Every structure is written in structure tokens, then in C-alpha cells.
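Q: Please model the complete structure; the sequences and the hints are all you need to start from.
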Amino acid sequence: MSGPSARRALRVLGLLLVGLVVQTTFGADLRAHTFAPDIMLLLAVMAGFSGGADAGTVIGFGSGLLSDLTLQGTPFGLSALAFCLVGFAVGWTRDNLLRTRLAIAPLVAAGGTLFGVFVFVAIGYVLGQSQLVTPGKRWLVVLAVVEAAWSVVFSLPVAWLFELALRGPQLPVSALGEVTSAAAGDTASRRRVPAPRARRRRRARAKVR
Amino acid sequence: MPAARRPRGRFLLLLVVLAGVTLVTLSGRSGNGGVFARARSYAAQVLGPVQSGLHSALAPVGNFISGALEYRSLERQNQLLRQELAAQQSAAVQAQSQIAQADQVLAQEHLGYLAKVPTVAAQVVDVGGSNFEQTVEVNRGSSSGIVVGQPVVDGGGLIGSVTSVSRHLATVTLLDNPSFSVGVRDVRSGAVGVALGEGQGNNDQVINVNVGQRVRKGDYLVTSGLPLEHFPAGVPVGRVSSVFSPVGGFQLSVSMHPIADLADVQFVRVLLWSPQTG
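Going down the list, the protein sequences come from chains R and F.
Numbered continuously in the numbering used here, the first sequence closes out at residue 209.
Numbered continuously in the numbering used here, the second sequence closes out at residue 1278.
Think of the hints as simulated: they come from the structure by calculation, not from any bench.
The structure displayed is predicted, hence computed values, not measured ones.
Glycine included, each C-beta is placed from N, C-alpha and C at the ideal position.
Where hints are given, some of them may not hold.
Distance ranges between label pairs, derived from CB positions [stated by the list, open to error]:
1) R101/R <-> F1244/F: 50 to 60 Å
2) G1201/F <-> A122/R: 17 to 27 Å
3) E1075/F <-> K137/R: 27 to 37 Å
So the derived list for chain R, only partly shown, Cβ under 8 Å to chain F, looks like this [as the list claims (entries may be wrong)]:
4) V21
5) T24
6) F26
7) G27
8) L30
9) T57
10) T70
11) F76
12) L78
13) L132
14) W139
A: Written as C-alpha cells, this is what we have:
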């Protein structure tokens, strides 16, 4: 791994560790309607938003693994599995359908968190963790909505931190997937030029017109 | 870098998902022991002091924000508490005689819980950060003789059991956690059942209570202490909040409100008790 890649990977790891400490200390005390924010899930969502599908997948997996270390009642790896899917989904959406603008970060955070909660519960339920749905559907919907609201609150600082963490001159594909052609260095050009697939779709639409 | 040399997103996703599935499978097979349980225990050991320090420092900020968000609810609770306090004061004299009667019943039923069981006092240093698990962390661990499975009580009664231990910390899964279950017995009628956690803020459900049993709203429930139970007999657990007899059903639908205030647990006692040693 090259120097810049290693530094970028260390910055991301540091961000995840800080997220874990915030989640288990400050986050646990923040309760709205008895529900606390899920900072680790938000990190997975924002990794996909800032770095794309590959970064979302890898960072989401790492974020989930750290989250699994603090849980007791679910199998180790369940959060990692769920969060990498969420990171990928958000990153894929960003690559193909959205432009990365900080202004839409809260919207993406809310959508990604809602999706993440249901993915976590669905995978857990399939794997025999029926206690995740014991409190009922209404409880689950309220939980997802409150967590999404918390994610909106923290989305901008987290997105900004990821922009800083993923900044760098070269793409560390071997280190963090594709963390980056977009996030690493050419953030400005990424914002100006739409993703290739989206561009092709626009051209096709223009031809039809 | 040429695009052809970049790892394809879907291949990477597949790889990571396979890694995740492998971890989940291995974790499931290793059960409560094994490398993953040890990793969690080490993580708790490493994070514990940081959590404890930061939690004490930042708790007032978190409480302030939560208080601001829950202002209306707190105001309502405050009003209700004032009403309840007034009602309690007027009933205090009457309660004294009832307490004497209850003591007599407990003595007759040999329910002097904690009388012979050694305990370790502990302070809650952190609450679980996950919304899917109701846990607290206490500042005593294996160095104080605590092992996984031991019951934990506070002034009110049972609050849960120890599910993870490191040297100086232990994680307690609370009574309302959806994976928690405890055998209970109605002090008045003697009916037995199993109380199951239903998630934070929800009343526990009590199952396996036959229709013929005379369980009433307001009855006190204590641990049954039947063979194969993980709790000693006679620990107060909760109070029956509703009883419903379904038409054509063989079992009563009973719900129970825990006696202990699970939302605000601060000091607890871990019972150094196991089904084998008593």
C-alpha cells in the first residue's frame, strides 16, 4: 500500500473508531422517544455517499464489524453484512443517479438509515434472530424513523469528515476498493461531471426526444 | 488508473458479503463461547475505561439534549408523578398493614430472597448504544467473582442477568430485552409462567399460564425457581398489568410491568448464584 493510500486508510479507520466511541458514550445518552442514533450505520451511509459504491462496501463492512464488537445478542458479522450492503446501495445510487452535493447529504442519510434498519432486521430475521421483530412492526417503523431523523442531524458533519478523510492524490484501489476516483483528490471535477452511466442515459433520452 | 484494472464493484460486494456470511456462520456455530465472544469481551475491556470516562463527562450534555427533545413528555410524567405521589401518601397507612401481610406471606412461602445469596454491589457505568438490545454495563467483572448467567437485581427487584464479562466490567441484559426470559410465579395464586422481554418501554409478556389459573391484574410475580431455571426462587420481577382469556384458548394472555425502573438503573447487586451451586 502506498503512502497516501495508507494515510487515507488510517484516516478512515480513525474516523470509524471515533464513531464507535461516540456511539457507545455520547450516542447512548441521546434518546428521542427512547431511541438512540446509530452513528456506525450513518458512517456506512456517508461512506457510500462520499466515496461511491466500492468505498461504501468496504467502509460499511468495517463499520459493521466495529459495531458488532459492542453487541451481545446478535451473531458477530450481522451488522457488517447489513452495513456493507447499505454502503454499496448508497454508493451505487450516488454513482448512477445522484450528484454528490453536500446539500443532499441529509436526505441521503435519512433514506440510507431507513434502508439500513430494515436490511439489518430482515437479514437478522432470516438468520433466526426473531427477537429483532418481537416488539412489533409499529415499533420497528418508529425506530427507523427516529434513527433516520438522528442521521439527518449528524449527516453534514459526518459527510464533511468523510470528504476530509477520503481526500488524497491517487486512488488507493487496493486499500479501500475504489475509495475514490471521486473522493480521492478530484472531488471538484466529480461534482461537475456526471457519472458515465448517468451521462449515457441522458444522451439516450435526448436522442429519443 | 485504467478502468479495466479497477476491481469491479459487484465483485467486491460479493467478496465482502461472503466474508460477512462466513463470520455470521462461524459466530453462530461457536455459540456463546469461542473467538467472537472473546473478541467482544476484549473490546469491552479496551473500550470500557474510555466509555466510562467519556460517559460521565458527556452524560449531562446528552441528558440535556434528550430532556429538551422529551420536554413535553417529561412535563406529563412530572404531572402524573405528582398525582401518584398524592395518592401514595394517602394510602401510606393502609400500605403498612399490607406490607406486614406480604412479609408474612413471603416468610410462609420461603421467599426471603437474597437472605443467603452472596452479592456484589456494582454501579452502572454505561448503557447499551444499540436500539435492538437493552443492556447496561457495570463496573465489576470476573475479578469480583462475576460470571455469565448470574442474576442482577436492584432495590426494586430483578433487572436482568449477566451476559458478558471481562476482568473489570460486566454487561447485563435487561428484563425487557426481547431475548430475555425468566420463569415467574404469581405470589397470590401460585400460577407459574414464563415472562418474555418485549423491547424497551413495552410490558413483558407472560406465556404458558393455563386458563384455569386465577391470575389477576395487580398480582405480584416473583421468580419461580423451578428446576433448570437460571434464577433463584422468590426474586420480585413484576406486577401483572393485564389479563385476557382468549375465546377457545388454553392459555391466558398475561402482560407484566417490571417492578424495577429499567429506564434508570444506577446501582445494582449481582447475585453470585448459579443453578448448580445454589
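Q: May I ask which of the numbered hints given earlier this structure violates, with the numbers listed in increasing order?
A: none
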